[in-house]
Amino acid sequence: MGPFELLEVAGSGLGAERVRMSVITQNIANANVTSTPEGGPFRRRIVQFQTILQESRRWANGGVPAGGVRVSGIRTDHATPLRKVRDPSHPHADADGWVSMPNVDLAMEMVDLMNASKSYEANLASIRVYREMMQQTMQITR
Amino acid sequence: MDVAKIHSLLEQVSKSGTAPQRPDPTQAFSDLLHEASEQQKKAGAAAERFITSGEGELHQVQLQMAKADITFRFLLEVRNKLTEAYQEVSRMSV
Chain D
542 MGPFELLEVA
552 GSGLGAERVR
562 MSVITQNIAN
572 ANVTSTPEGG
582 PFRRRIVQFQ
592 TILQESRRWA
602 NGGVPAGGVR
612 VSGIRTDHAT
622 PLRKVRDPSH
632 PHADADGWVS
642 MPNVDLAMEM
652 VDLMNASKSY
662 EANLASIRVY
672 REMMQQTMQI
682 TR
Chain R
15 MDVAKIHSLL
25 EQVSKSGTAP
35 QRPDPTQAFS
45 DLLHEASEQQ
55 KKAGAAAERF
65 ITSGEGELHQ
75 VQLQMAKADI
85 TFRFLLEVRN
95 KLTEAYQEVS
105 RMSV
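From first to last, the protein sequence lines stand for chains D and R. Note that the working numbering has the first sequence beginning at 542, numbered continuously upward. Note that the working numbering has the second sequence beginning at 15, numbered continuously upward.
Any given hint could turn out to be false.
Using C-beta positions, here's what the derived DEER-type ranges look like [what the hints assert, rightly or not]:
| no. | chain 1 | residue 1 | chain 2 | residue 2 | range |
| --- | --- | --- | --- | --- | --- |
| 1 | D | 543 | R | 93 | 31 to 41 Å |
| 2 | R | 41 | D | 663 | 34 to 44 Å |
| 3 | D | 674 | R | 51 | 36 to 46 Å |
| 4 | D | 578 | R | 90 | 53 to 63 Å |
| 5 | R | 52 | D | 615 | 52 to 62 Å |
| 6 | R | 93 | D | 673 | 15 to 25 Å |
| 7 | D | 656 | R | 101 | 14 to 24 Å |
| 8 | D | 563 | R | 102 | 50 to 60 Å |
| 9 | R | 100 | D | 658 | 48 to 58 Å |
| 10 | D | 673 | R | 97 | 20 to 30 Å |
| 11 | R | 99 | D | 658 | 13 to 23 Å |
I should point out that these hints are in silico values taken from the structure, not numbers from a laboratory. We put the beta carbon where it would ideally sit given N, CA and C, even for glycine.
Taking the hints into account, I'd like the entire structure generated from these sequences.
Shown next, in the form of structure tokens:
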């Protein structure tokens, strides 16, 4: 394991959380959008993470199986039903006067946002602790 | 820079004062110097790219700087130890 591998791993976590935050921000920004290029109202997007684990770094090979994280995909939430609002004057209303609003729940998005932000901070904390450890290790020879 | 190299350097450093038993300590020190310089260059380039063209991400730039910082601090420790050893020897009464 290289001396900076831990920094790389924590860095990948920072990157992944940043992507998650930007997707949540996108959800919040589009919470009331009824028209999208794909047609229909905006649908909530969810980020999926995946571990990057390198075979060469298994315990058996004398290595530390340090694996970073990467964003494996951003999927669209089709499971949560769209909100229906009655507004016959709305240009995107259906024949009965119902408008489909995005399936974004602001309360949920805020919780996710806090979660992403705290996870980001946790990654920063591991970087800080690692740096402190390295610097203290260098004091051994003093 | 791999850990083995650091270990061998640390070993030499802890033995400073006596003649280093490794084949070529100057080479190891010069390698370390080179590595520190490379890391600094990379950090500088990453920062410049980020500022001028917005390429890369802030945390990547910062991490590269952290790497450069750690490598340089290590280099400094080694250098201090070498100088100390030299002074120790030069003070020796003949």
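Looking back at the hints listed earlier, which ones does the structure fail to meet? When the structure is compared with the hints, numbers 1, 3, 5, 7 and 11 turn out to be violated.
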